[in-house]
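Fit chain B to the supplied structure of chain A, relying on the hints for placement.
So the protein lines, in turn, are chains A and B. For the first sequence, the working numbering begins at 1 and goes up steadily by one. For the second sequence, the working numbering begins at 1001 and goes up steadily by one.
Hints in this document: simulated from the structure, not taken from any laboratory. These numbers were taken from a predicted model, which means no experiment stands behind them. Backbone N, C-alpha and C define an ideal beta-carbon position, used for all residues, glycine too. A portion of the hints provided could be inaccurate.
Claimed, not checked - One-sided excerpt, in silico: chain B residues whose CB lies under 10 angstroms from chain A:
hint	residue
1	PHE1025
2	ARG1030
3	TYR1037
4	PHE1041
5	ILE1059
6	ALA1140
7	MET1153
8	ILE1157
9	LEU1187
10	LEU1195
Stated by the list, open to error - Where chain B lies over chain A, by a calculated footprint (3+ residues, C-beta under 8 angstroms):
hint	segment
11	10 to 16
12	46 to 55
13	58 to 72
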Amino acid sequence: MRIDCNHVWDYISAYIDGEVDAALRSEIDRHLETCELCSAILDSTRNVVVLVADDRVFELPAGFSERLHARLERELV
Amino acid sequence: MKTAPNPDFEAECIRRILQGERHLFHDLIRPCERSIYFLLFALLRNEADAEDAAQETVIKVYRNLQNFRGDSQFRTWVLSIARNEGLGRIRKGQARREDSLDAITEEQGGDYTPAFLTSWREVPTEALERKELGEILRKAIEGLPAIYRNVLMLRDIEEMDVKETAAVLGITEGSVKVRLHRARALLQRDLAPRLKGFAPKRAKLFGWGA
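So here's chain A without its partners, still in its complex pose:
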């Protein structure tokens, strides 16, 4: 039985995280081989995950750590 696109979308996040079982993974893989749409959705979702994890997207405010430890120092003495 072939799974449909909706079914694949439901599992895209789990698929990216390696959290689908072997049987479902191979079903999804087979679907992806022939479905350009789902394949593109998977790629773009994975790309988004990679991009948001990049340290350059979310950086601590300049001087954050210094201010935090200075405040802490006043508490510790």
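This is chain B only, laid out in the frame that chain A set:
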């Protein structure tokens, strides 16, 4: 999580701090700083509020250190304190924000159909050097409903596992997975069409050559 927790180091540190070597608290808390800040930023959506709440959290952690029992990871315990600090501020209306508490704690319905596109296949990581891409990503994440933003921040940005994320947010592991899936789906739908324009170079991570 950009720094891996080290339970042995933490336990030793805590023991010595409680015995009077208070200065060691700086080293104990340092690996948690980033996660504390971004958890609070996800809740409060304001840099100044998040920083103030982060400082307050760290002071509370220090004052309550003797109450840490070691039955969870130290960072999980710390982040629970951070979350309570953030929620407390929202309740008191100290934070300038739009979400109600309900929006932070309750599941929402909605449409999570992905963006249909076939042409954004390349990831332009070096394009992150360009400020505008980072800005687009940050805005998109900040625009997510709070319950999804919080989970995405811990799972995909701080790289915590499902179990710890569930413990910090006080939700089930199943909810973490559902919310993460929806967060990513919403981001994909929002970002994929707009990020196509950032893929002019031959650098890529996934899907190159299709």
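Against the structure, the hints come out as follows:
1. PHE1025: With a closest approach of 6 angstroms, the B:PHE1025 hint holds.
2. ARG1030: holds (8 angstroms)
3. TYR1037: holds (6 angstroms)
4. PHE1041: Since the shortest Cβ distance to chain A is 8 angstroms, the answer is holds.
5. ILE1059: holds (5 angstroms)
6. ALA1140: Holds, because the Cβ-Cβ distance from B:ALA1140 to chain A comes to roughly 8 angstroms (cut-off 10 angstroms).
7. MET1153: At about 8 angstroms, which falls below the 10 angstroms cut-off, the nearest Cβ of chain A leaves the hint on B:MET1153 intact, so it holds.
8. ILE1157: holds (6 angstroms)
9. LEU1187: holds (5 angstroms)
10. LEU1195: Holds, because the Cβ-Cβ distance from B:LEU1195 to chain A comes to roughly 8 angstroms (cut-off 10 angstroms).
11. 10 to 16: With 5 residues close enough to chain B, the hint holds.
12. 46 to 55: holds (count 10)
13. 58 to 72: That given contact holds, which follows from 10 residues of the segment 58 to 72 of chain A lying within Cβ reach (below 8 angstroms) of chain B.
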